[in-house]
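Colleague: As you go down the protein sequences, you meet chains A and B in turn.
The opening position of the first sequence corresponds to residue 0 in numbering that gives the first Met the number 0, with each subsequent residue numbered one higher.
The opening position of the second sequence corresponds to residue 0 in numbering that gives the first Met the number 0, with each subsequent residue numbered one higher.
Hints are computed from structural coordinates only; laboratory data are not their basis.
Each hint should be verified, as a subset may be incorrect.
Unchecked claim - Here are the simulated BS3-like cross-link-like pairs (lysine-lysine), alpha carbons at most 30 Å apart as the crow flies:
no.	chain 1	residue 1	chain 2	residue 2
1	A	K51	B	K512
2	A	K290	A	K157
3	B	K390	A	K51
4	B	K370	A	K51
5	B	K281	A	K6
What the hints assert, rightly or not - Computed spacing ranges between beta-carbons, pair by pair:
no.	chain 1	residue 1	chain 2	residue 2	range
6	B	R292	A	E58	39 to 45 Å
7	B	L479	A	E58	30 to 36 Å
8	B	P398	A	K6	46 to 52 Å
9	B	C101	A	I21	55 to 61 Å
10	B	E89	A	R241	54 to 60 Å
11	A	I21	B	A302	28 to 34 Å
12	B	A302	A	E58	31 to 37 Å
13	B	T419	A	E58	22 to 28 Å
14	A	K140	B	R423	28 to 34 Å
15	A	Q358	B	G194	53 to 59 Å
16	A	E351	B	T419	38 to 44 Å
17	B	P398	A	Q358	19 to 25 Å
Positions of the beta carbon are idealized from the N, C-alpha and C atoms, including for glycine.
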Amino acid sequence: MSEIQLKNISRHELEQCLKCSICTVYCPVSAVEPKYPGPKHSGPDLMRYRIKDAAFFNENLKMCLNCKRCEVACPNDVKVGDIIQEARIKYSTHTPSLRDRMLANTDFVGTMATMVAPVVNFSLGLKPAKTVLHTVMGIDKHRTFPSYSRQKFETWFKKEAEEQQKQFTRFVSYFHGCYVNYNYPQLGKDLVKIMNACNYGVHLLEKEKCCGVALIANGLSAQAKRQGTVNLKSMRRSIENRDEAIVTTSSTCTFTMRDEYKHLLELDNADVRDSLMLATRFLHTLITAGKIRLAFKKDYRKKVAYHSACHMERLGWIVYSTELMRMVPGLDLIMLESQCCGIAGTYGFKKENYERSQQIGATLFDHINEVDPDCVSTDCETCKWQIEMSTKYKVINPISLIAEALDVEETRRLNTVHEADKPRMQGDLAMP
Amino acid sequence: MAERQHKTFDVIVIGGGITGAGVARDCALRGLSVLLVEKYDLTNGASGRNHGLLHSGARYAVTDKESATECIQENMTLRKIARHCVEETEGLFITLPEDDLCYQKNFVEACTEAGIRAEIIDPKEAIRLEPAVNPTLIGAVKVPDASIDPFRLTAANMLDAKLHGADVLTYHEVTRLIIRNGSVEGVVMCNHKTGEICEAYAPLTINAAGIWGHLIAQMADLTVNMFPAKGALLVFGHRVNQMVINRCRKPANADILVPDDAVCVIGTTSDRVPFDEIDRLKVTPEEVDLLIREGEKLAPALATTRILRAYAGVRPLVAADNDPSGRNISRGIVLLDHETRDGLGGFITITGGKMMTYRLMAELATDLACKKLGVDKACETATKPLPGSEKTYRKRGLPTAVVAEEGRHGTLAPLIPNATDIDRAMVCECEEVTVGEMKYAVETLHATQLINMRRRTRVSMGTCQGTLCACRAAHVLCELAKTEAKQSQYELASVMAERWKGMRPVAWGDTLKEAQLMSVVYEGLCGLNQRAGKGKEIAQ
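Work the whole structure out from these sequences, hints included.
Modeller: As structure tokens, this is what we get:
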């Protein structure tokens, strides 16, 4: 083969697609919505025509959940989902509505809401309020907003935890995300508890902004880019300060900052990407390397059904969370079939998507009911909302389950042994 | 066929390319009864194997002023009468560091003399207008080049001819001219589908068979001094450029890059080939190398763009009668009245020229035909829009298949059935072709076989080259045209063989992967090779 042929290899995602259509088979929207053209057609196929003429952009692309299951399925590594999101960013003429802006601005709305949390939580649950949201705003009446916390996680951390972190010699930075900050600080507290028990101190980022996933989904990518720039700058500072990693407890925030910053927002994150990871991955890696050990309560018993969130599939990190949970002797882990729950962040909250959203998740909910666990576990907060709204089961993040099962005193002891004892520990893992 | 055996027409037109279709339309518009005969399918020859470039004439301005003038006049005419076939992209003639910038001055002067609006622009402005252009350019001229779809153009001419009473026979090959008393009185044809022989009569036969016109003339023992010149081209996976990009230098190999629909096409080479090769052209590795190497100079992004396929056509170049060696070959129009030239009545040859000037060629041939037949009616084709081009209209927010149909069929798009879910179902996802559009092609555009569908609708012309859609299209055609399953399998095998023929010269990278998938589906899964009979190579 001549040199020219060896060199002539396509660099364009849209033409690397071999049209095998496997992505369409795995698309949760295509399975329930005949009006959606499917990922292959919406992405690589039509992109060729959109390059010719913007009239080939159709607003039905907003039916895409951005679950990225198409990308997981693709045998030729085409970023099908990215092509669709890119088209929405580039060609959509639809201006985000007030509702879209409110749903997207988790930071702003969260800050306002936590100030008057009891009032907000109370009134958002009222029927008249739901009716107003449904008819005026287009937020579906079947939806319940996650309740807001009285105290932000950041406030708690500064008051109750920051001082104690000074006793440690090694650190991680924690990107807590909006959900932990405004709605469920307990998850952040659980992480601090585990890290501290493992003899790691926790830092917050110098400045943390919402990762921007909801902004991108709602057509506000310029704002997402500004926020992303702030986050990346803070993460760089953490790395400079020799924090060992930037850990997270939300799969979606992590996925957004690792992959979508680069692919959709054109932010260069190469220098921080490898340091940014889910806390379960960080812990699992340290344990298998023999660097930390966990000890668990002897009497802990729980039947847990694990739901593989879409972005966890895309990250390929499910194994870290599930293997970590399997280290807990009394934890009976059942894997639910990997499928989308249908919520996709703000998607399922919108009136026009509600029915589709529930159809997509239906078989998952059936499966959970069949398993009848003590609780469901998943790494994604919006999957948690969807499953809690659609089944009678409570959903708990793997980090919270680990924190619950952890024997804090014993773990702390195992991880603070003298340097001289270390070689003896190498092969002696905490696994049962 | 029985009733047609002795049917008599005013004119028989041989050749279903753009020239033949244009002549048939012009004759029909002037009230003549016409039979158009094509041995395979419309646009099977050079009409379907070119750049799809609506020349401004600038390319010929320096070397062939007459052609340049004809081009710009026809360019302006086609923009009006064939607007649904034309995309008004505009064009650039760029000077690269290796080219002589002095040529630009001559070029612009020659363009101006020929009536072509040629505007020197700053290289930076050229990059702004066309970001894909080679950024090292040192000069740029903007000209009114555009992109034109030859399949649509031919189909629209054929359709208008039919609307004005013409008969069209495809898959009928003229095997003999009926000559009596020193005059051609009709033709003997072989029906390639049934093998039957039939005849048709007319006081005048027009030979518009392109390079094959040479062979038609031989049937009357006449010599038309033709030289087959092969031109190879490459189709890239998506549109890299939005404007036509040419090199501002004496015309040479591979110096035009044209955006056509969702792809772009680089070409061409130019080599004499013997007559026995014109029906089985192959693109060689040397040609592929040359096209990529020169193409990259126009738009560097081509170096990393997937090549979907390679193809080649034959230009029907004609040498003057006093120049049998062909040294002074022109691309001008050649109209031969064999009565005055050779003493054979009832026979005209129209050849030479270019797709660009097909309408003018048709006008000249029809003028002569009318004169010979004693008909006094003026030509209307320069002002009367083709069916589909009556007006432009554009709506936003329509389903993408409807946008595509409007692009392909213009004002006739509403005739495409889309009432039912089946009509709206997508056959070809790369090119947005629905079952309804296939129905329309069968009912209105004279598509009778699977292999014709591509030329009427773009089925299987996209990234997958038929991997996904050819079998669907075969199924749809089975139901629409009541084709028998066995015939359908044969047609499917020949379509896949034809697709592979174009992929083979560029089968590396993603295109090779595609071919492998194609082979697994059609040979492995469907066992098409065994079913369709021997000798049908699909992929290897």
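Colleague: It remains to establish, for every hint, whether it holds in the given structure.
Modeller: Hint check:
{"no.": "1", "hint": "A:K51 - B:K512", "in the structure": "26 Å, holds"}
{"no.": "2", "hint": "A:K290 - A:K157", "in the structure": "28 Å, holds"}
{"no.": "3", "hint": "B:K390 - A:K51", "in the structure": "21 Å, holds"}
{"no.": "4", "hint": "B:K370 - A:K51", "in the structure": "45 Å, violated"}
{"no.": "5", "hint": "B:K281 - A:K6", "in the structure": "23 Å, holds"}
{"no.": "6", "hint": "B:R292 - A:E58: 39 to 45 Å", "in the structure": "43 Å, holds"}
{"no.": "7", "hint": "B:L479 - A:E58: 30 to 36 Å", "in the structure": "32 Å, holds"}
{"no.": "8", "hint": "B:P398 - A:K6: 46 to 52 Å", "in the structure": "39 Å, violated"}
{"no.": "9", "hint": "B:C101 - A:I21: 55 to 61 Å", "in the structure": "56 Å, holds"}
{"no.": "10", "hint": "B:E89 - A:R241: 54 to 60 Å", "in the structure": "58 Å, holds"}
{"no.": "11", "hint": "A:I21 - B:A302: 28 to 34 Å", "in the structure": "29 Å, holds"}
{"no.": "12", "hint": "B:A302 - A:E58: 31 to 37 Å", "in the structure": "35 Å, holds"}
{"no.": "13", "hint": "B:T419 - A:E58: 22 to 28 Å", "in the structure": "24 Å, holds"}
{"no.": "14", "hint": "A:K140 - B:R423: 28 to 34 Å", "in the structure": "33 Å, holds"}
{"no.": "15", "hint": "A:Q358 - B:G194: 53 to 59 Å", "in the structure": "56 Å, holds"}
{"no.": "16", "hint": "A:E351 - B:T419: 38 to 44 Å", "in the structure": "26 Å, violated"}
{"no.": "17", "hint": "B:P398 - A:Q358: 19 to 25 Å", "in the structure": "22 Å, holds"}
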